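*Asks:* This is what each chain is made of:
Protein chains: 4
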Amino acid sequence: MADAKTTTAAPMGPASRAYGGTHEVKPLPFDPAKLKGLSEKLLTSHHDNNYAGAVKRLNLIEQQLGQMPKDAAPYQLGALKREELIATNSMILHEFYFGNLGGDGRASGPILPLLAGAYGSLATWEQEVRQTGLSLGGGSGWVIVSYSPHERAVHTYWSADHTQNLAWGMPLLVMDMYEHAYAIDYGANAKSYIDAFFENLNWDAVNQRAEQARAGVT
Amino acid sequence: MADAKTTTAAPMGPASRAYGGTHEVKPLPFDPAKLKGLSEKLLTSHHDNNYAGAVKRLNLIEQQLGQMPKDAAPYQLGALKREELIATNSMILHEFYFGNLGGDGRASGPILPLLAGAYGSLATWEQEVRQTGLSLGGGSGWVIVSYSPHERAVHTYWSADHTQNLAWGMPLLVMDMYEHAYAIDYGANAKSYIDAFFENLNWDAVNQRAEQARAGVT
Amino acid sequence: MADAKTTTAAPMGPASRAYGGTHEVKPLPFDPAKLKGLSEKLLTSHHDNNYAGAVKRLNLIEQQLGQMPKDAAPYQLGALKREELIATNSMILHEFYFGNLGGDGRASGPILPLLAGAYGSLATWEQEVRQTGLSLGGGSGWVIVSYSPHERAVHTYWSADHTQNLAWGMPLLVMDMYEHAYAIDYGANAKSYIDAFFENLNWDAVNQRAEQARAGVT
Amino acid sequence: MADAKTTTAAPMGPASRAYGGTHEVKPLPFDPAKLKGLSEKLLTSHHDNNYAGAVKRLNLIEQQLGQMPKDAAPYQLGALKREELIATNSMILHEFYFGNLGGDGRASGPILPLLAGAYGSLATWEQEVRQTGLSLGGGSGWVIVSYSPHERAVHTYWSADHTQNLAWGMPLLVMDMYEHAYAIDYGANAKSYIDAFFENLNWDAVNQRAEQARAGVT
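So the protein sequences, as listed, match chains D, P, S and L. Under this note's numbering, residues 14 to 231 are what the first sequence spells out, in order. Under this note's numbering, residues 14 to 231 are what the second sequence spells out, in order. Under this note's numbering, residues 14 to 231 are what the third sequence spells out, in order. Under this note's numbering, residues 14 to 231 are what the fourth sequence spells out, in order.
Hints should not be assumed to be uniformly reliable.
[Stated by the list, open to error] Examples of chain D residues toward chain L, derived with CB under 7 Å:
#1 Y88
#2 A92
#3 E96
[What the hints assert, rightly or not] If you anchor each label on the Cβ, the simulated ranges turn out as follows:
#4 L:A166 <-> S:G130: 32 to 38 Å
#5 D:L125 <-> P:A228: 24 to 30 Å
#6 L:R119 <-> P:D217: 54 to 60 Å
#7 P:D84 <-> L:A46: 52 to 58 Å
#8 S:A228 <-> D:K39: 52 to 58 Å
#9 D:L125 <-> S:A46: 45 to 51 Å
#10 D:V38 <-> S:D61: 33 to 39 Å
#11 D:K39 <-> L:G130: 58 to 64 Å
#12 L:G130 <-> S:P40: 38 to 44 Å
#13 D:A85 <-> S:E224: 39 to 45 Å
#14 L:S52 <-> P:Q221: 39 to 45 Å
#15 L:K204 <-> D:D84: 39 to 45 Å
[Stated by the list, open to error] A few chain L positions that, by computed beta-carbon distances, are all more than 10 Å from chain P:
#16 E37
#17 A85
#18 S161
#19 H163
#20 A173
#21 A218
Read the hints as simulated data drawn from the structure, not as lab findings. Being a predicted model, the structure only gives us computed values, none of them experimental. Glycine included, C-beta positions come from ideal geometry on N, C-alpha and C.
Make a model of the complete structure from these sequences and hints.
*Replies:* As structure tokens, then:
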């Protein structure tokens, strides 16, 4: 990019989108008093503290990135870019997570043959999701079922913190395994939380995302 | 998913796609003898060892996942799922990386106003990419410019290893900052490598990906 | 080590200490019913599930390492060695953590001038500990005040999971910031947990460790 | 620590040791022109760029920590504390690493029965070190043989970046697996680098550390 060095850089700042810091907290897409085995207290705390906290933090981070001096040491920028990735993904993954709760847990729709096709059977897929979730119990992480354009297939991924994700894809079904997703209701019992997660899973939302993914990047 | 426990699971194994282990190594999409400032020795080693090694490892991992006993401890599955994520992303990111090399480095096309719009100016965007890259010098990582459907915009992300990526998006421009991307030619001089990267950047490939991303997930 | 390749390796297995898997769970060193602001339910769950779970897992991992085939792919060994590090450190850090709870929170003893000397004042030190703790709220991690033989001084360290620790040193004062350390009692309120931690801090234990550290590695 | 809040904090700053930023780069403890299979160019670059760079960065970070405003958001402190841990451990581990090079590679001394005792045989121990090293090839990390006071034994640990270490212990034998430790000489051939590492291993240094460790923390 030969001309870049002779271009006068516009001042970094709120005018540019990347440094805008204008993300907004979305409300829970369901009535938190009505889920089975996940209390209103837990769900509201999860939304108001962990999710909304990430969104507000991301706004601050973006604005700080816009004010980073050009002569800052690279590690100063890198440290803030890492915080940006954490907060960005926490925002995105929590929106997918809440977006696939509030259902009746009855598996249905065109996603089912895709899962069964990829894993040999639906039960094999669910076994892997549940065991991957248990492997994250007592710590932090996510289990993420994504559409992978590279595979042209659905696939389940392990993540031990917000930063860890498939390099190219769209989450279809997201299960939060941070302890804030269950400790208030279940203490250390990650297994019962996973049961509750599946009982409240909104398969319609999962199917809509799968439809969107297949219509898009392929 | 109430019925899952009563379903008889098909045996996990090579018949299912997720455990197939059939990924194939793609050749370099350019003549490695013809890049400016990146030697054939470096590029061939990078491709044959780091990229191809990840593909072959992924195939083994997928097959081992298919043979994981159902009563394995969760940490055994988790450890292998982590290796799967590492190898999967290494494969994907290396393909994007090699795919956006081999060009003449002249910035052009519809991606430019998108970058300038997001960051205030093209120079500001490039400054952030370069400084983020420098922050990863002497270690491992990637700088990844992605299309983010959540933002409906392009954005630059920091990653300190293969596992760290935007939770939902498509890489458009990928710069490898693992030391194997430059040490053979540049030793510890990450700055000169970044110069060479930009001089060989294939903006046509970046523009094609941006077009694909915008036509897809939005 | 020229002779190693011609030496006949003894079979790896339980006979060797590194693969022994004989770690034992230590009981809580205080009456969990008697702490201020940390419930018996929380403390017992923390001990019985998170700490004891790590010890038991470590025993399994060590035995599996002893049975690892010599021709296993390196990533298979690496994945298990990572699990070993996680479980080993979880065991060690939890023992330090429980070991410095159960006190009356009144700061005293020869550690105080060491902390004040390193940080300018005790209040500055405590401010950094508390803020570092808050930075880990909603996720996982530890705040660890260690004796560093390299510094010949005490110093406070950030850790975002069990694996992250000072490369050479002895923990003197350990605060668990995994959500399982507080969510049952405080939900997302990490700040109130940190208050409770300091109110139950056993400064005698901290002083004994400091004495041991100074008598030892210097 | 009831009184802390009423104490007037001294201003954080260079006067306090923790924020002093006065670490000094130590020279290589051997003549880099005389090692077998590790070039002077490689060793000098490794020392001058990677090790010395970490020391200089640590000094900047400590001073920035001393100037952190008290009302900074916790993530701002946490991000800098993470950089501090990275730079601190890079400094320490590189000093151990260079300190155990420059020898003739002939295994000898009281460390040998400790290693053989822990692992069943010296060859078993070396096999694990070598395979753990290979598992880190193509990325970053360390293989660290430590004295663990918790075990009252020596043990080998995996680390994928500077932050990952045994929670309580003293490194006795440290092998750098970052690509900057070998790529200049060996490209992607981590196996040949590990051979060269063992051929230049200074067992006297390892034995001296083991003696120091046993005399100290036990």
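*Asks:* Could you run down the list of hints and mark each one as holding or not?
*Replies:* Going down the list of hints, with the structure as the test:
Given the 7 Å rule on beta carbons, the hint for Y88 (chain D) holds: about 5 Å separates it from the nearest Cβ of chain L. Look at A92 (chain D): its Cβ gets to within about 4 Å of chain L, closer than 7 Å, so that hint holds up. Checking E96 (chain D) against chain L: minimum C-beta separation of about 5 Å stays under 7 Å; hint holds. The hinted range of 32 to 38 Å is satisfied by A166 (chain L) and G130 (chain S), whose Cβ atoms lie roughly 34 Å apart.
Separated by about 28 Å at the C-beta atoms, L125 (chain D) and A228 (chain P) satisfy the suggested range of 24 to 30 Å. Checked against the given bound of 54 to 60 Å, the beta carbons of R119 (chain L) and D217 (chain P), roughly 57 Å apart, stay inside it. D84 (chain P) and A46 (chain L) have their C-beta atoms about 57 Å apart, which keeps the hinted 52 to 58 Å range intact. For the pair A228 (chain S) and K39 (chain D), the beta carbons lie near 57 Å from each other, so the given range of 52 to 58 Å is met.
In this structure the hint that L125 (chain D) and A46 (chain S) lie 45 to 51 Å apart at CB holds, the actual value being about 49 Å. In this structure, V38 (chain D) and D61 (chain S) meet the distance hint of 33 to 39 Å, their C-beta atoms being roughly 37 Å apart. A beta carbon spacing of about 59 Å between K39 (chain D) and G130 (chain L) agrees with the range 58 to 64 Å that was offered as a hint. For G130 (chain L) paired with P40 (chain S), a C-beta distance near 29 Å fails the hint of 38 to 44 Å.
The hint said 39 to 45 Å for the Cβ distance between A85 (chain D) and E224 (chain S), and at roughly 42 Å that hint holds. As the Cβ distance of S52 (chain L) to Q221 (chain P) is approximately 42 Å, the hint placing it in 39 to 45 Å holds. Range check, K204 (chain L) to D84 (chain D): about 42 Å between beta-carbon atoms, so the 39 to 45 Å window is met. The beta carbon of E37 (chain L) sits about 20 Å from the closest Cβ of chain P, which is more than 10 Å, so the claim that it is off the interface holds.
Against chain P, the non-interface label of A85 (chain L) holds: every CB pair exceeds 10 Å, the least being about 20 Å. Residue placement check: S161 (chain L) keeps its beta carbon more than 10 Å from all beta carbons of chain P (closest about 21 Å). With a closest Cβ-Cβ approach of about 20 Å to chain P, H163 (chain L) is found to remain outside the 10 Å limit, as its non-interface label requires. With a least beta-carbon separation of about 8 Å from chain P, A173 (chain L) fails to lie farther than 10 Å from that chain, contradicting its non-interface assignment.
Residue placement check: A218 (chain L) keeps its beta carbon more than 10 Å from all beta carbons of chain P (closest about 24 Å).
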